[in-house]
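Start from chain A and add chain B according to the hints.
The chain contents come next:
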Amino acid sequence: MAPKMPWPTYLLDRVGLPDSHKLEVYRQHGGYAALEDVLRKPWKPEEVTAVVKDSGLRGRGGAGFSTGLKWTFMPDPAKDGRRRYLAINADESEPGTCKDRVLMEKDPHGLLEGCLISAYAIRAEAVYIYVRGEYRKSLAVLQAAIDEARAAGLVGKGILGTSFDCEIWMHMGAGAYICGEETGLMESLEGKRGHPRPKPPFPAGYGLWGQPTTVNNVESIFNVPFIVQRGAEWFRSIGTKGSTGNFLCGISGHVERPGVYEVPMGISARQIVEELAGGVWKGRKLKAWFPGGSSTGMLPAAAIDTPMDHDSIKNAGSMLGTGAMIVIDETVSLVEAEYVIARFYEHESCGQCSQCREGTQWLDQILHRIARGHGRVDDPALLESLARGMAPAKTICALSDAAAIPTLALVKNFAAEVQEHATTGRLPAGCVSILAAQDLQEAHA
Amino acid sequence: MALSDALRAEFEELCTHYPERRAGLIPALHRCQDENGGWLTPEILEDLADFFGLAPVDVYGVASFYPMFRLRPVGEHVISVCHNISCALRGAEALLEHICERTGARPGLDGTSPDGRFTVLRVECQGACANAPMVEVHGEYHEDLDPAKVDRLLAELQSGAPARGAR
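Going down the list, the protein sequences come from chains A and B.
For what it's worth, our numbering labels the leading residue of the first sequence as 1, then goes sequentially.
For what it's worth, our numbering labels the leading residue of the second sequence as 1, then goes sequentially.
It is possible that part of the hints are untrue.
Taking lysine to aspartate or glutamate and the EDC-like style, the derived pairs with C-alpha atoms no more than 20 Å apart in a straight line are [as the list claims (entries may be wrong)]:
| id | chain 1 | residue 1 | chain 2 | residue 2 |
| --- | --- | --- | --- | --- |
| 1 | A | 137 | A | 19 |
| 2 | A | 4 | A | 274 |
| 3 | A | 137 | B | 46 |
| 4 | A | 44 | A | 165 |
| 5 | A | 314 | A | 401 |
| 6 | B | 149 | B | 110 |
| 7 | A | 192 | B | 146 |
| 8 | A | 137 | B | 12 |
| 9 | A | 157 | A | 167 |
| 10 | A | 157 | A | 105 |
| 11 | A | 137 | B | 144 |
| 12 | A | 282 | B | 146 |
| 13 | A | 192 | B | 46 |
| 14 | A | 106 | B | 47 |
| 15 | A | 412 | A | 330 |
| 16 | A | 106 | A | 37 |
| 17 | A | 192 | B | 50 |
| 18 | A | 157 | B | 13 |
| 19 | A | 137 | B | 50 |
| 20 | A | 157 | A | 19 |
Selected chain B positions facing chain A (Cβ under 10 Å, derived; list incomplete) [claimed, not checked]:
| id | residue |
| --- | --- |
| 21 | 23 |
| 22 | 80 |
| 23 | 114 |
| 24 | 116 |
| 25 | 117 |
| 26 | 139 |
These are computed hints drawn from the structure, not numbers from a lab.
Note that the coordinates shown come from a computational prediction; the quantities given were computed from them, not determined experimentally.
Virtual Cβ for every residue (Gly too), placed ideally from N, Cα, C.
In isolation and in its complexed conformation, chain A is listed as follows (with noise of 0.2 Å):
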């Protein structure tokens, strides 16, 4: 699962070992020693948060904002005597992110050690690991390692024989996209349908039942033991300036070998793409490739050589989003792969911003109808005018952004191929359909 990179690695380097989902197997390889060391020397809570914030680590979740800068949000104890929360976001479902489930499955005490050493930054009395409904076999898991933690005096009361009480919990939630969106994710932990909260206020201030919350991804709190043990320095080693470490790149589509690749920072996209996924399948060309997730725009193949970072993504006109590269080879019709994603945001839309609800099935709509040949001259100038009237920011959410933004990008990027799609009613020479012989087969359940 994890081959040799030709650069130092730490993130998945147990999770080839059998029984990596154990706590010896962890312990031998020096699992639960920074938890130690924070708890006995004892570290202050905010020493802990400092070295995180020094480390220049970002969110792996899709939004890159720096974890330790998030910590920092969170009331004075002193001041402020409410109980307080850490909320693990493991509702994995950008569309081509898969990489947080291969940490959950075989290496689920590295995620609690850094839960117990992040609630104990924070001061948070319990963490809440909130696992996508699908992922049954990370929820197993985890609850497994719960367990054997637990016996172990890791998790509970008086942690490590020392004063630090913590309670790690496992909550299952139910196939919505939008509950990984971190306040849609603390209403469906209170079991409540997962509708986004206006901010302010902002979890720190008000999160689960009313009480200061911190929300993070389960990447980033995999990254906190060892900034812990080796040092803010150690870490922003790795990388570039802006984007430091190592991050977790799940590449899928027309790859030769998708997978999830532990890369640092800053790689370039066509060394992921050829060194490591094997190129392009079947000897064909690169057509376009989403950087991070379905909701960051595609970029031209001409743009292969932009480093794998924040600004430098960000530079060639997208986002880094959660990593999770997908490589569209030449026989593809950007319009229906733009259609497949939009049809997603459709089904996903809460429904309780306008610009969002019907703007999501506007542009499915749209894009629907050219895929299938009955596009209009003026769909593409549609497309970016009901995108432009979507984001940036006019919603409670992000996910009007999610759907408008890779529209947007395609209407851009690939002006000629969408005008042409929409003008003649015809996939593009050379591509076969990636859709349903028959249109009426594409609705849900």
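Then chain B, alone, in the frame of chain A:
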């Protein structure tokens, strides 16, 4: 299905994980759906409303929001086929058509085969993108699929043998 004493006890324990009881609702809906052969009846929703002290319409509002909850009867085996981008790029539609032909079930308003054995659903990304195309059956992922692998899976389901994930 009225809530059994065993489930009630399980849900009481579940509620202790949270400062407010209703946080147990979604996990409880999952357990009830599993126990009831893959879907939630109006009676189950009412029982859960009673258990959590909520209005039935509130519970229905939650259950109907989440794609994993089924509010209509389903076949013996529910096959969820991912049709999102990474799977679509690697033949998900051809695979889905193959599954429909073999099972006699077709996604749509009902999606269940006339013999009641199979329900076929289109679902959005399941997070198996690097092992596309994929289907999920009885909580197990079956990945890197082609028609031959699907035929073996369907044969196992037909014979009643437990279908193991092809990981």
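Hint by hint, here is what the structure shows:
Only pairs whose Cα atoms come within 20 Å are accepted, and residue 137/A paired with residue 19/A is accepted, the gap being roughly 15 Å. Pair hint residue 4/A plus residue 274/A holds up; C-alpha atoms about 16 Å apart against a cutoff of 20 Å. The hinted pair formed by residue 137/A and residue 46/B fails the criterion: a straight-line CA distance of about 30 Å is larger than 20 Å. A threshold of 20 Å between alpha carbons decides the hint, and for residue 44/A with residue 165/A the separation of about 15 Å falls inside it, so the pair holds.
For the hint linking residue 314/A to residue 401/A, the alpha-carbon distance of about 15 Å falls within 20 Å, and the restraint holds. With a C-alpha separation of about 25 Å, the suggested pair residue 149/B and residue 110/B falls outside the 20 Å cut-off, and the hint is violated. Distance check on the hinted pair: residue 192/A and residue 146/B sit about 38 Å apart at the alpha-carbon level, beyond 20 Å; violated. With a C-alpha separation of about 24 Å, the suggested pairing of residue 137/A with residue 12/B is violated against the 20 Å cut-off.
Proximity of residue 157/A to residue 167/A is assessed by CA-CA distance (about 8 Å); at most 20 Å being required, the pair is judged to hold. For the given pair, residue 157/A sits about 26 Å from residue 105/A by alpha-carbon distance, which is inconsistent with the 20 Å threshold. With a C-alpha separation of about 17 Å, the suggested pair residue 137/A and residue 144/B falls inside the 20 Å cut-off, and the hint holds. Between residue 282/A and residue 146/B the alpha-carbon distance is near 17 Å, which keeps this suggested pair within the 20 Å criterion.
Taking the CA atoms of residue 192/A and residue 46/B, the gap is near 16 Å; set against the 20 Å cutoff, the hint holds. The suggested pairing of residue 106/A with residue 47/B is violated, with an alpha-carbon distance near 38 Å, which exceeds 20 Å. Between residue 412/A and residue 330/A the CA atoms are separated by roughly 18 Å; this keeps the pair inside 20 Å, and the hint holds. Of the supplied pair hints, the one linking residue 106/A and residue 37/A is violated, its CA atoms being roughly 24 Å apart against a limit of 20 Å.
Taking the CA atoms of residue 192/A and residue 50/B, the gap is about 16 Å. The hint holds against a cut of 20 Å. Between residue 157/A and residue 13/B the alpha-carbon distance is near 18 Å, which keeps this suggested pair within the 20 Å criterion. Annotation: proposed proximity of residue 137/A to residue 50/B is violated, straight-line Cα distance about 31 Å (limit 20 Å). The suggested pairing of residue 157/A with residue 19/A is violated, with an alpha-carbon distance near 27 Å, which exceeds 20 Å.
With 10 Å as the threshold, the beta carbon of residue 23/B comes within range of chain A, its nearest partner Cβ sitting at about 5 Å, so the hint holds. Interface restraint check: residue 80/B against chain A, minimum CB-CB distance 8 Å, threshold 10 Å, status holds. Evaluation of the residue 114/B hint against chain A yields a violated restraint, the C-beta minimum of about 16 Å exceeding 10 Å. Using the Cβ-Cβ criterion of 10 Å, the hint placing residue 116/B at the interface with chain A is not satisfied: the shortest such distance is roughly 15 Å.
For residue 117/B, the suggested interface contact is broken, since its CB lies about 16 Å from the closest CB of chain A, more than 10 Å. A least Cβ separation of about 4 Å between residue 139/B and chain A falls short of the 10 Å threshold, and the interface hint therefore holds.
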